[in-house]
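Enquirer: Here the protein sequences line up with chains A and B, keeping their order.
Quick note, in our numbering, the first sequence goes up one by one and the last residue is 425.
Quick note, in our numbering, the second sequence goes up one by one and the last residue is 659.
Since the hints were made in silico from the structure, they are not lab data.
Here the structure is a predicted model, which is why all the values come from computation and not from measurement.
Some clues are possibly wrong.
What the hints assert, rightly or not - Stretches of chain B that chain A covers, calculated by requiring three or more beta carbons in the stretch to come under 8 Å of a beta carbon on chain A:
| id | region |
| --- | --- |
| 1 | 458-466 |
| 2 | 470-483 |
| 3 | 502-509 |
What the hints assert, rightly or not - Pair ranges (Cβ atoms, derived):
| id | chain 1 | residue 1 | chain 2 | residue 2 | range |
| --- | --- | --- | --- | --- | --- |
| 4 | B | Ser-494 | A | Arg-224 | 36 to 44 Å |
| 5 | A | Gln-234 | B | Ser-406 | 51 to 59 Å |
| 6 | A | Glu-400 | B | Lys-482 | 54 to 62 Å |
| 7 | A | Glu-342 | B | Ala-481 | 40 to 48 Å |
| 8 | A | Gln-290 | B | Ala-389 | 47 to 55 Å |
Note that the Cβ used here is the ideal one computed from N, Cα and C, for glycine as well.
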Amino acid sequence: MKSLIFGLTAAVSLSSGVASMPRDDKPESKSWIIWADRVYTGTGMNFDAGMVGVGGGKIAIVAASRGSDDESSDRILRCYAVTAGLVDASVRITNGASSVEQSNEIQPNLRVANTLDPFAIEWDRQLRNGVTSVLVNPPDLNVIGGLSVALKTAGADTIAERTLKNDAVLRGSMGSEPSRGNHPAFGRPTDFFSRRPTTRMGVEWAWRKAFYDAAAAANDSTRAFPGSERLVQALKGDLTISIQAWATQDIRTAVFLKEEIESQAEFKNGLNKPRMFIDAAAEAWKEPQLLVRAKIPVVLPPFPAAGRTRDNSFMAWNVAEELRKEGIPFALSSHGSAAPENALAMQAGYAMQGGLPFENALAAVTSMPARLMGVADRVGTLEVGKDADLVLWNGQPFEPSSRVIAVIVDGVLRYDARDKAVAK
Amino acid sequence: MITALLALTAPLVFAAPPTKSGPESPAKSVAIRADVVWLGDGRVLEKGVVLFSEGRIAEIGTNVSVPAGVETIEHKGFLTAGLIALHGYTGGQAGEMRDDARPAMPNAKIGLVFDASSPDVADARAVGITSLLLTPNAEGVAPGLTAVVKTSSRRLLKDEAHLSLVFNAGGLVSNREPTSLSGAVAMLDQLFAKPTGAVERAHGGSLPCLFEVGEPADVLRAIDFAKRHDLRGVIHGAVLAGEVADQIKASKLSVIVPAIGVGERRRNLKSVVALAKKEIPFGFGLDSPVNNPADLRLGAVMCVREGVDAKVAWNALTSEAARIAGVADRVGTIDRGMDADVVLWSGDPLDLGSRVIAVYVDGARVDGDKR
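Whole structure, please, built from the sequences with the hints as guidance.
Expert: Next up, the structure:
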């Protein structure tokens, strides 16, 4: 009965939608009709033998039937399944160490966007794996490394034109990574890196000190320092904080940092509303109640083959399903890895192997990361009016035997391997 | 007390022997009649005569009346303006053309460390290069001011040609600020937030900038910065600049093509073709003594072979280079009142079979075959 209703409404929108869709010969703004055996919208509605229409760079129609378009039209793309373009909330297509300023451990106002190469080959690799939007973080060599940028993996030649959201999150790290390379000075400092923090404990101290200093600066402008206004923005909840924390003790530290800000007198007067998600939270499964209590979503790093992953943390394939059961919102990620087994679509497959239902796996690589990045109004689901970012699959998405056969970004067919794909 | 000291030291300074203005004979009036004269503005004179007087070009034409007592040299070949190399440290010690303790020293002048007696300068002169744009090494964020010099004397043609600004990762050092591209941009933004000295002149538009880049991504970052602070000038260092030619064209910046060598990749040469196709003004860098000075003309010829119009390539070696260096009112073309910087060639200078017969700077013969 339910599917019948969908079929009816869809048919109505189809007839009006197709007529009004622009027909343009310019490849950049070409309109497309995608015929798919399965249309996974990501909104809970899925259609068998449905279609998605694209025009002017936006999704113009999503329907449960194919309509009467001329079957031979070169505007029609056929595939087994279509989903929204995948979204990765933890990517590192950067210039390595040149993308994070290490002259100070706390750099809240530096933009990683200023260091990116729009011509890097990795954009194309992400695109071919079905990823159309990413959050690029500065390398985690600082405690607070700067401002991440949300952008498309394909499109214009400049980073600015591909940007979905500038200053999408304030990025930093707990754990062992920020202190690596620093060393204590016995007597005379030997170099630039004779400085704090040199330990995990130093890292958490640097985080807390930064926010206490920023709160003081908010009340007394003579105490302002470079980037303190960004930290104040984060304290007010106007700028989401993304903290890398792999191991359970580092996840706890991040949770306690948020709770400390929410409760201490220094952060009264509106400075007690931080929004935060934890990236690379491999051991989120160990103390899920903390994350529920503090209302902190997480991004999971790639599933390791043998359980043990970075920062000596442990993560099995059922972690995603465990987090779902606990009610913790989560996204999956490649964590910037270029290894084929760490591709985002593969992560969804591993999570499903670990028990996660398909719909949740789809959300964890589309709508959920889009929400964390603050771009859910633009990308993450197949809905009329959203950006026309689509992935065409030759089989059931995330299955090991399925592959991406075409990717559309902002209405433009940017990757097309339909003729190379193995027929199923 | 200080005045007394100054008074004491001053005579010592002035007592130093005066520097020789050129390595060879001083400029005297001379007329040269050549089979072909390229004036550099598109005009070509057959059997043209160029008359030098007091280091300047006094007269040009096919029917010049040469004053009595002035020698007329008959040249069987081509006469052109001297070549201008746009980027390099010929005549300076490479390690001395920067200060790696400070990332920003925008008022430092490279012109002051030029050594005209260096054999590198003689090598440049010998292949027909008469002017050089000296550039501080691209390290830090603002390593200093570029300068234009002649290859025959210590006289500076321009001691403040561009403010050098660095946008490539090569300018970063891992043990002092900035260590990152984002830090470099932030530091430059800060310099321009409260501009003083050379930065203020660049900000006001009276001083062009030299944007040191590497990858096409650096080019875009530099263009972005130029737009943000309303700067004009020239981009150097991207062999693939032509692959972002649309953006460069829109930015109104010009380009210094990095030195081209034997066996240059075709992709790099096609990038120059792309610049030419978009009519983006460009000249050639040299970076001698790392590169052979002869590579300057060779590079232009290789671009012609790849499809760049010969006239465009020639201008890139002379008049366009002079415009980019901000000295087009003095050098780069042959016209009345211009500096008498002239090269005599055995044939068409864009034919690699042709060679330099004589080089004149400020009207004086500074290199060439024995006469």
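Enquirer: Please go over all the hints and tell whether each is borne out by the structure.
Expert: Hint-by-hint comparison with the structure:
1. 458-466: Contact hint for the region 458-466 of chain B vs chain A: holds, 6 residues under 8 Å.
2. 470-483: Contact hint for the region 470-483 of chain B vs chain A: holds, 4 residues under 8 Å.
3. 502-509: holds (count 5)
4. B/Ser-494 to A/Arg-224: 36 to 44 Å: Check passed, 39 Å falls within 36 to 44 Å.
5. A/Gln-234 to B/Ser-406: 51 to 59 Å: Because 55 Å falls inside the window, the suggested range holds.
6. A/Glu-400 to B/Lys-482: 54 to 62 Å: Since the Cβ atoms of A/Glu-400 and B/Lys-482 sit about 59 Å apart, the hinted range of 54 to 62 Å holds.
7. A/Glu-342 to B/Ala-481: 40 to 48 Å: This hint holds: roughly 47 Å between Cβ atoms.
8. A/Gln-290 to B/Ala-389: 47 to 55 Å: Given about 54 Å between the Cβ atoms, the range holds.
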